[in-house]
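My request is simple: use the sequences and hints to build the entire structure.
The listed protein sequences correspond, in order, to chains A and B. All residue numbers for the first sequence refer to my numbering, where the first residue is 1 and numbers rise by one. All residue numbers for the second sequence refer to my numbering, where the first residue is 1001 and numbers rise by one.
FYI, nobody ran anything at the bench for these hints, they're computed from the structure. Every value quoted in this text rests on a predicted model; they were computed, and no experiment measured them. Keep in mind that the hints are not guaranteed to be accurate.
[Stated by the list, open to error] Just the calculated beta-carbon pair ranges, DEER-fashion:
1. A/Asp-306 - B/Gly-1062: 42 to 48 Å
2. B/His-1180 - A/Ile-252: 41 to 47 Å
3. A/Arg-535 - B/His-1180: 23 to 29 Å
4. B/Asp-1310 - A/Arg-521: 54 to 60 Å
5. A/Ala-539 - B/Lys-1006: 47 to 53 Å
6. B/Glu-1195 - A/Ala-562: 45 to 51 Å
7. A/Asp-536 - B/His-1180: 24 to 30 Å
8. A/Arg-535 - B/Glu-1038: 57 to 63 Å
[Unchecked claim] To spell it out: a stretch of chain A is covered by chain B in this simulated footprint if at least three of its residues, at any positions, have a beta carbon under 8 Å from a beta carbon of chain B; those stretches are:
9. 251 to 259
10. 493 to 503
11. 509 to 516
A virtual CB, placed ideally from N, CA and C, is assigned to each residue, including glycine.
As a plain string of letters, each chain reads:
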Amino acid sequence: MASLPMLPDTAPFAAEQIAVLNKVMVATTPEQRSWLSGFLAGYQAATAAPQASPAAPPATRQPLSILFATESGNSEALAAKARLVATRLGFAARAIDMADATPEVMAKASNLLVIASTWGEGDPPQRAIDFYTGLMADAAPRFDGVRYAVLALGDRAYANFCETGRRFDERLAALGGARIADRIECDVDYETRAKAWIDGTLGTLQALLAEAADADPAEPGADVIHVDFARGPAEQAWTRSRPFEAEITERINLNSSRSTAETWHVELSLAGSGITYEPGDALGFVPTNDPALVDEVLTAAGLAGDATLHAALADRFDVTTLTRLQIAEFGRMTGDAALIELGADAARAAAFIEGRQVIDLLAAAPHRLTPEQLTGLLRPLPPRLYSIASSLRAVPEEAHLLIGAVRFETHGRARKGVASADVAERRRVGETMKVYLKPNSHFRLPADPATPIVMIGPGTGIAPFRAFVQDRDATGAAGRSWLFFGNRQYTHDFLYQLEWQDFLARGALSRLDVAFSRDQREKVYVQHRLWEQRRDLYAWMEDGAVVYVCGDANAMAKDVHATLARVIADQASVDAEAAQAYLDRMRRAGRYLRDVY
Amino acid sequence: MADEKKLSRNETIKEESRFLRGSIAEGLHRAETGALSEDDTQLTKFHGIYQQDDRDLRAERGRKKMEKAFSFMARLRIPGGTLTPAQWLALDDIAQERANGTIRLTTRQTVQFHGIIKTNLRPAIAAINRAMLDTVAACGDVNRNVIATSNPYERATHGAVVALARAVSLALLPKSRAYHEIWIGDELVAGGEEEDEPIYGRTYLPRKFKIAITVPPHNDVDVFAHDLGFIAIVEDGRIAGYNVTAGGGMGMTHGEPDTFPRTGDVLGFCAPDQVIAVAEQVVTTQRDFGDRADRKHARLKYTIERMGVDGFRAELERRLGFALAPARPFHLEGNGDRYGWREGDDGLAHYTLFVENGRIADTGTRRLLSGLRAIAGVHAGTFVLTCNQNLTIAQVAPDRRPAIDALLAEYGLDGDVTALRRHAMACVALPTCGLALAESERYLPSLVTELDAVMARLGLAEDAITLRMTGCPNGCARPYLAEIGLVGRGPGTYNLYLGAAFDGSRLNKLYMKDVSDAAIVAALTPLLEEYARDRESGERFGDFVIRRGHVQATVGGNRFHADLAPGLAA
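Next comes the structure, spelled out in structure tokens:
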């Protein structure tokens, strides 16, 4: 207890006030404490001097383009927040998806905020590839005089952290852009830092523009500022830091007891949450760590038996993901030269991190840590996103999730996915899961219910397609639908088999092809079925079908993409380049959509 | 006769099947289900294929949003039961790649694969075909695999009966091209092609039909258990002809005393060149006189009960255009196999390997599957399947014996097996057989272990007693011809039958009803004690229990349910 933040007895409060404050403080996260200190400082500033009213005399309303490159929706959400802040500051702000933008148009912007996430091993998000390619091309337009700043999102668990943002930043500078703030690189716990950076950067921009306006009061194109203190568009009520406690009403391992896999179908009650989602959306799930692993971590840090700390680690800290920064930090706090050296050597650190987690670091170099050192070393526990496998039109006030249990062994230790093992091993019907809505506006059913759809979703990738088909069944949509599903064994791993049979019988699903890789010696995957069905598949594409891909990003999505290109080349008798162009056109038209992870 | 009553549903399915096609080919392409349509599952039997499901998994399937764990059993047609080593290797491959990794030898001298999922069915059948084997008519309302005594040590007669088994099988094979269209050919021929089944007609037989050929004194085929039997009469080392038996069959239904197992009647004698004609006309007689309304009364045995043996023989002879000669004397000794090495009359040796319940798999140190694969790799002779679910490594030249012996030892296949276990047989039953009411193959081995302890204590370790178990009353392991028969009634519950003849010539009789599995050993122990103490020299257990009045002798199928002890009415 004494190890956690506490007001001293000497604090200028009554004893009972100190007790209440301490009770609150003890349960806070570093972000909350950081926010609180900022809030109190701001509150002090705002209440001390009455002169600084933003509702000053009319001034020009400055345009601001907030350009985002999103994969999982984080950049998009930040862009929306930035727009809100900018609007309040008096900008005429627009949030623009890179998928809908070209470098030529953006080069004409006066003020540009770029929010870019990095995907996989340093790649731009798929939706941003066209823009990225255009900007990097020799023929890219100049950005002379464009005031810009870049917010980069990434995950330190991957190589080439924030690579996409870094490259945007460097390229915009090379093309003549005027950087108004240093780039910020945010890890998975981006919210607090990103918000601070956005506030700061927009403040800087506002000051710059004010100077420019003083110098040239008649800057063309400027509007009159309409300062608006009213709230912007309602933000989602439930967030990762304030999730909804959804009751688990059903929980079934869909794989047979003979299966090598374990995929949990979980039904959650959204009653009372007000959460309304569309097929294609995801739920963020705030998991709890495996208590046994937390025990191991505490023991390795010489902190076994600290119940308060155990609870904090279980609920709030990432006790699995290992980063190079943590190696270096661990070295610094313990003075362990070997660790400092390892942390300083990128290649060796990467080799060490491969297949290892926090526990391996602590076990490899046993040191006694204080609770503050341990919590200081750990990153906040990130939520996990799961595509919703149901439609509210079929199951009102419910959301169904499909969660594949992740278990593997590396370096002699059994590992488990944090969230999936939480659901697979510890959650029970009647208990709750902490969730919040994560909209995925890029992965939606076509607006026209008559549009044919092709759904390619092996493994847990089938989740959003159950939502799609449920939805089309509930609304009686006339469009044809074709599902490609794959897994290991037909008999033991055919997820939702009886439901697909029912949907086929009712006509909600028009066609089904399946690929089970382990039923025969030669591996068969969904892309093999795509190729076998190439004549009909191409005909569907020509008929305007929207093609959806959901599931594994590394192998499956790449193989499916390559196969789709082959199908087009074969059926249209065109070369590979033209086939790729065909897919690019589909993607730009919103007819080739991927939700891969 | 049948036309007064409503035809059974199967008759309509056959009639409308376009000679066994139905919609099987279309059903194989439906991705959402691992099953075929119900009607098609009746038709696939004619192609040697049974749809089954894993009953161990039934309880969980619906909850997991999956249909039953369907798979298929494919039964081969191997008349006479001989295979080349290359064919064995091919079967091993198919088991590994397309089925459940095991090979099941059956009581009717053939091989079954279990656990073939629908998407693997065509590749499996095609691979069987590439090995110059097939599954045509291995099940269904047709003549099935023709079995023959496994006596390769008598080269001339064995060669003759295997050749005869093949010829009879071929003569009675359906002529429909459906099998090749569906399973082998890439192109499916659309309906409309004019076809005919000269022997069977459009609706084939009313029920299954089985033929066995035996060479006395062996009765390993249980010749009296089949619809039609041929008992070779060997004179001066040559087969002079065959006694013809008809009307045998095992299946019955619990609680329906007008269904019963039946031993075939000896009708007379025919020359070797008359065998095919006799077989064809017995089949056509059954085709025309068999009951097509009630499948439980459709076997030839009921037709003969109805027509009388003399009436049936008269109809047969009318169709043949000649009379059968009077039956000739013969002597049978037993229905078991002879294990280990046996010298043949041609200088070659033959090793009969005990295969518990016919299951070829690697279990513990006894690695049958791997061992037979290794032996097939070096063996220059043949493999002969026996009707007791065993396998003979046949035609081994003297200088090749050490190599075979070494492999038998290496794979743990040379160990001693007790006499009781060697004479025990079980059907497949759970989890794949849809008919099973109780365990059989998975339970019998442990029951034998318990009984062996009793036998050893009583000094009966070397005494052979036939013991057969089935999970239902349909009789795949021919339990009604065992000195101790156990027939499943429900989970963990069996009817206990005693008193069949060791040579397979007499059915047994119900001794105790609804015995729980835990009580079986206790029920048999006093009888075995009495047998050890009071038997006469050479007296078989089946004969002993009759002499001592524990059960009455069953003199014919229609007396199977009669002469029971008080309180045992079926």
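For this session: Confirm or reject the claim that A/Arg-535 and B/His-1180 have a C-beta distance inside 23 to 29 Å.
Result: 27 Å, holds
Problem set entry | 24 to 30 Å as the expected CB spacing between B/His-1180 and A/Asp-536, which holds or is violated | 28 Å, holds
Exercise. For the pair A/Asp-306 and B/Gly-1062, does the Cβ-Cβ distance stay inside 42 to 48 Å?
Worked result: 47 Å, holds
Exercise. Do the beta carbons of B/Glu-1195 and A/Ala-562 sit within 45 to 51 Å of each other?
Worked result: At 47 Å between Cβs, range holds.
Exercise. Is it true that A/Ala-539 and B/Lys-1006 lie within 47 to 53 Å of each other by Cβ?
Worked result: Holds - the Cβ-Cβ distance for A/Ala-539 and B/Lys-1006, about 48 Å, lies within 47 to 53 Å.
For this session: Can you take a look at whether the stretch 509 to 516 of chain A is actually covered by chain B? Rule is 3+ residues, C-beta closer than 8 Å.
Result: holds (count 4)
For this session: Mind checking the hinted window 54 to 60 Å against the Cβ distance between B/Asp-1310 and A/Arg-521?
Result: 58 Å, holds
Problem set entry | Whether the CB-CB distance between A/Arg-535 and B/Glu-1038 falls inside 57 to 63 Å | At 32 Å between Cβs, range violated.
Exercise. B/His-1180 and A/Ile-252, beta-carbon distance inside 41 to 47 Å?
Worked result: 44 Å, holds
Exercise. How about the stretch 493 to 503 of chain A: do at least three of its residues have a C-beta closer than 8 Å to a C-beta of chain B?
Worked result: holds (count 8)
Exercise. Can the stretch 251 to 259 of chain A be counted as covered by chain B under the rule of three residues or more with Cβ-Cβ separation shorter than 8 Å?
Worked result: Holds, because 7 residues of the stretch 251 to 259 of chain A bring their Cβ atoms closer than 8 Å to Cβ atoms of chain B.
Of the numbered hints stated above, the single one contradicted by the structure is hint 8.
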